[in-house]
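Construct the complete structure from the given sequences, taking the supplied hints into account.
Under the numbering used here, the first residue of the sequence shown is numbered 176, with each subsequent residue one higher.
It is worth saying that the hints were derived from the structure and are not from the lab.
Note that the structure is predicted; figures quoted are calculated from it, not measured.
Check each hint, because a few of them may be wrong.
Here are the simulated EDC-like pairs of lysine to aspartate or glutamate, each with C-alpha atoms no more than 20 Å apart in a straight line [as the list claims (entries may be wrong)]:
id: 1; residue 1: 625; residue 2: 654
id: 2; residue 1: 537; residue 2: 494
id: 3; residue 1: 325; residue 2: 373
id: 4; residue 1: 668; residue 2: 861
id: 5; residue 1: 325; residue 2: 379
id: 6; residue 1: 797; residue 2: 748
id: 7; residue 1: 797; residue 2: 362
id: 8; residue 1: 325; residue 2: 362
id: 9; residue 1: 537; residue 2: 500
id: 10; residue 1: 537; residue 2: 498
id: 11; residue 1: 625; residue 2: 661
id: 12; residue 1: 325; residue 2: 303
id: 13; residue 1: 795; residue 2: 846
id: 14; residue 1: 868; residue 2: 748
id: 15; residue 1: 668; residue 2: 635
id: 16; residue 1: 789; residue 2: 846
id: 17; residue 1: 625; residue 2: 577
id: 18; residue 1: 795; residue 2: 829
id: 19; residue 1: 757; residue 2: 846
id: 20; residue 1: 797; residue 2: 829
id: 21; residue 1: 789; residue 2: 748
id: 22; residue 1: 789; residue 2: 861
id: 23; residue 1: 757; residue 2: 798
Here are the simulated distance ranges between beta carbons [to be verified]:
id: 24; residue 1: 830; residue 2: 744; range: 18 to 26 Å
id: 25; residue 1: 753; residue 2: 880; range: 17 to 25 Å
id: 26; residue 1: 468; residue 2: 531; range: 49 to 57 Å
id: 27; residue 1: 753; residue 2: 303; range: 54 to 62 Å
id: 28; residue 1: 700; residue 2: 837; range: 58 to 66 Å
id: 29; residue 1: 699; residue 2: 282; range: 22 to 30 Å
id: 30; residue 1: 303; residue 2: 700; range: 47 to 55 Å
id: 31; residue 1: 780; residue 2: 678; range: 33 to 41 Å
id: 32; residue 1: 699; residue 2: 744; range: 39 to 47 Å
Note that beta-carbon positions come from the ideal geometry of N, C-alpha and C, so glycine has one too.
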Amino acid sequence: MSRRPSLVLLLVAALALVTTTAAAAPTAPTPGASDWPMFHRDVSHSGTSPETGVTAQDAATLGIAWQQNTGAGTNTSPAVAWSAVLDRTLVYTASKNHVVSAYDALTGERVWYFQTMGELSSSPAVVDGVVYIGSDDHRLYALDAATGAKRCSFDTGGVINASPLVVDPGDGLVVYVGDNGHTGASDGGHIWAINAVDPNPAVDCSLKWQFDQFGEPAGSQPLAGSWSPPSWVTTADGRHLVVAGSSSPDCAVYALDPQTGARVWRFETVHTSFDSDVGAGTTVSAPGVNGFADGVVYAIGKNHVLSALDPGTGTQLWEYDVDLDSPGFVGSTRSTPALAGNRVFFGYGEGLYAVDATTGQKLWRLQTPARLEVISSPAVVGPDGAQVVLFTDLSGRVFAADAATGQLLWSYQTGGYTYSSPAVSNGTVYVGSSDGFLYAFALGGGTSGKPTATVTAPTDGATLANPVGGLLTITGTAEDDRGVQEVRVAVKKHLGGTWWNASTSSWARVFGTSRATLASPGARSTTWTIQVPVAPTGGGYTVQAEAVDADGQHTAPVAQSRVAILSTSTPPDTTITSPTRKTVFSLPTPLAPTTVTLRGTATDTAGAHPGVDKVYLVIKNKEHNEYYCGSLGCGGAPDDAFGPQRAVIAVTPDRPGATSTTWSYTFTTMDHPHNYGVQAYARDLDGESDPSKASVSPICVRLPGQTCAGALG
176 MSRRPSLVLL LVAALALVTT TAAAAPTAPT PGASDWPMFH RDVSHSGTSP
226 ETGVTAQDAA TLGIAWQQNT GAGTNTSPAV AWSAVLDRTL VYTASKNHVV
276 SAYDALTGER VWYFQTMGEL SSSPAVVDGV VYIGSDDHRL YALDAATGAK
326 RCSFDTGGVI NASPLVVDPG DGLVVYVGDN GHTGASDGGH IWAINAVDPN
376 PAVDCSLKWQ FDQFGEPAGS QPLAGSWSPP SWVTTADGRH LVVAGSSSPD
426 CAVYALDPQT GARVWRFETV HTSFDSDVGA GTTVSAPGVN GFADGVVYAI
476 GKNHVLSALD PGTGTQLWEY DVDLDSPGFV GSTRSTPALA GNRVFFGYGE
526 GLYAVDATTG QKLWRLQTPA RLEVISSPAV VGPDGAQVVL FTDLSGRVFA
576 ADAATGQLLW SYQTGGYTYS SPAVSNGTVY VGSSDGFLYA FALGGGTSGK
626 PTATVTAPTD GATLANPVGG LLTITGTAED DRGVQEVRVA VKKHLGGTWW
676 NASTSSWARV FGTSRATLAS PGARSTTWTI QVPVAPTGGG YTVQAEAVDA
726 DGQHTAPVAQ SRVAILSTST PPDTTITSPT RKTVFSLPTP LAPTTVTLRG
776 TATDTAGAHP GVDKVYLVIK NKEHNEYYCG SLGCGGAPDD AFGPQRAVIA
826 VTPDRPGATS TTWSYTFTTM DHPHNYGVQA YARDLDGESD PSKASVSPIC
876 VRLPGQTCAG ALG
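Right, dumping it as structure tokens:
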């Protein structure tokens, strides 16, 4: 089933390129002195801030300024930008729970959130009051930076792991971003140029051009895509280029014309394995810097080789092979280099390297205590002669090292592993972790011991009777060496995936915490309690608890308990009568989508109002791990019948309100062989749902003549 932009759209975009009049001079957004508005700070991915607040002399005094639970771990890197509308600086971040959020940079208070339809591995870019970010749901989003309201979006048809580059090539702002295929696993991707939110004549979030001619000769690697953050090049003669790496099996660096997408040059990395792709971003020096007339493009692939390339031609100027200095290390090289003066910094499988930006000679190597991979892209801050390199590793530590010597100056242990790259603004270091927290570190911040928390009741894995009055009492303990200031509790209802919000006394779709009552506020040890309503139908719930100390530190990772609550009522029953497991449906010839009709029964004979109201279906393509969205399509786009976000379809039974009824629903498959799974549950007139959920899997869609064991496509 097609997910690509229509031919009409492509022709319109091409015609626009042909008929465009002479463009104005390109301009790249310049961050303010205290902003870190995109991945690795600027369009050249320097990773270096002009701020001088954190230095090699005082980095050891870094500590917690604040810590905020985002509800899920993150592999993305924060952006920091001043909001003129709100008159304050915001930190923008994205989490695996599909949520983009903005937090107050001073307090950590969440200002807004926006929920996409897929996980987020792309880091946000903030330009002219708009946040741009890609999602696993295949869309590039443009959001209002002050409110989080969606301005527009563009469907690339592929998983977007790359972080966007936003530049004006001369005729209005353009977003450059890559995708790495329909499933995100080397199945054909693109590099895109999408018109940004801009007052120019181009429609916001419309196609400017796309590039998919990976390989040598061009187009010979149709499975390749790009998850490398693009960077912006300006040569000495004023020529502009967009530079990005490609995924396996291509494993190369491309320079493209920013107006047309035409390939200018290609540099192929040394293939040490199939997976030698260039996933890190390229870092660019300006013309004349360090004696290079056109500047330099610094690129590193998973092959452990850092290359310095001529920006105009792609010719290799020098290379540094990590394997020659650190033979046998475990891990990869996925860290975007940082450039500060004549030093290039990048992570590797056991720590961090610094090499001479002119010659490629090693300056120093730092092995972290855990000797685990540094996927994080380093950030450099501080005055000349006292600069500090900030980075994280997979042990979950955040580090500060002396940029001149590689000596470790400071570290902090988060509660999970860290892919996130630090961002620095107004002397504060912001970074995310897989423990679900966004951290802010500042000079003189909290350095006391971390608080701990437990959930004592309900115990993890318990099955409990539905409580009298419908209120579940949750209790626990908390300890801290300086005193427990508060305990925050998050409760998730598994059915519907909603979170309890005590301030509104309602269940919300986005993560949130509520304050528990402490027996001894401020004491080093205390018990705590909170009550949460549970449904008469019961169901599964997850409880998370975090203590907070006087330094603003939170328990990380959070304490957690999962509990099943029994029903007090008589929910309806649901069956799927057809198709049965391993029923085969044949695709037509020539290949096209086919349809599958689901049938079943639903009964409800008890309760205050006996009778079946609705039947709900979840239809999943098992190979793509995508869900059928119904006839209106995912996000209201009819061409997108399947999407990565779990979708629930409401079906009116044949006899609405009857105590016993049949139901049916017909869905359209993809146009090639796949396995599908279906869940069905009825809801009665009392609002109770069948907790058992009828299911059938696999339903086999195959080529004509094939059995369920036939090959998938």
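Right, here's what the structure says about each hint:
For the proposed pair residue 625 and residue 654, the alpha carbon gap of about 9 Å is at most 20 Å, so the pair holds. With a C-alpha separation of about 11 Å, the suggested pair residue 537 and residue 494 falls inside the 20 Å cut-off, and the hint holds. The straight-line distance between the Cα atoms of residue 325 and residue 373 is roughly 14 Å, inside the 20 Å bound, and the hint therefore holds. Under the criterion of a C-alpha separation no larger than 20 Å, the hint pairing residue 668 with residue 861 is consistent with the structure, at around 19 Å.
Between the alpha carbons of residue 325 and residue 379 the distance comes to roughly 12 Å, so the proposed pair stays at or under 20 Å and holds. Taking the CA atoms of residue 797 and residue 748, the gap is about 25 Å. The hint is violated against a cut of 20 Å. With a C-alpha separation of about 17 Å, the suggested pair residue 797 and residue 362 falls inside the 20 Å cut-off, and the hint holds. Between the alpha carbons of residue 325 and residue 362 the distance comes to roughly 29 Å, so the proposed pair goes past 20 Å and is violated.
For the proposed pair residue 537 and residue 500, the alpha carbon gap of about 9 Å is at most 20 Å, so the pair holds. For the proposed pair residue 537 and residue 498, the alpha carbon gap of about 12 Å is at most 20 Å, so the pair holds. This hinted pair checks out: residue 625 and residue 661 have alpha carbons roughly 13 Å apart, not beyond 20 Å. For a cut-off of 20 Å, the pair hint linking residue 325 to residue 303 stands: about 15 Å separates their Cα positions.
Of the pairs offered as hints, the one joining residue 795 and residue 846 holds, with about 15 Å between alpha carbons and a cut-off of 20 Å not exceeded. Distance hint between residue 868 and residue 748 is fulfilled; the C-alpha atoms sit about 8 Å from each other, no more than 20 Å. Of the pairs offered as hints, the one joining residue 668 and residue 635 holds, with about 15 Å between alpha carbons and a cut-off of 20 Å not exceeded. This hinted pair does not check out: residue 789 and residue 846 have alpha carbons roughly 30 Å apart, beyond 20 Å.
For the hint linking residue 625 to residue 577, the alpha-carbon distance of about 26 Å lies beyond 20 Å, and the restraint is violated. For the given pair, residue 795 sits about 24 Å from residue 829 by alpha-carbon distance, which is inconsistent with the 20 Å threshold. Only pairs whose Cα atoms come within 20 Å are accepted, and residue 757 paired with residue 846 is accepted, the gap being roughly 18 Å. For the given pair, residue 797 sits about 29 Å from residue 829 by alpha-carbon distance, which is inconsistent with the 20 Å threshold.
For the hint pairing residue 789 with residue 748, the CA-to-CA distance comes to about 12 Å; that is within 20 Å, so the pair holds. Distance restraint check for residue 789 and residue 861: the Cα-Cα separation of roughly 11 Å lies within the 20 Å cut-off, and the hinted pair is therefore satisfied. Between the alpha carbons of residue 757 and residue 798 the distance comes to roughly 15 Å, so the proposed pair stays at or under 20 Å and holds. Range check, residue 830 to residue 744: about 22 Å between beta-carbon atoms, so the 18 to 26 Å window is met.
The given range of 17 to 25 Å is respected by residue 753 and residue 880, whose C-beta atoms sit roughly 22 Å from each other. A C-beta distance of roughly 18 Å is found between residue 468 and residue 531, which places it outside the suggested range of 49 to 57 Å. Separated by about 55 Å at the C-beta atoms, residue 753 and residue 303 satisfy the suggested range of 54 to 62 Å. Our hint of 58 to 66 Å for residue 700 and residue 837 holds, since their Cβ atoms are close to 59 Å apart.
In this structure, residue 699 and residue 282 meet the distance hint of 22 to 30 Å, their C-beta atoms being roughly 25 Å apart. The beta-carbon spacing between residue 303 and residue 700, approximately 51 Å, falls within the hinted interval of 47 to 55 Å. Distance hint for residue 780 and residue 678: a CB-CB separation of about 39 Å, consistent with the stated range 33 to 41 Å. A hinted range of 39 to 47 Å holds for the C-beta pair residue 699 and residue 744, which are about 44 Å apart.
The structure shown violates the earlier hints numbered 6, 8, 16, 17, 18, 20, 26.
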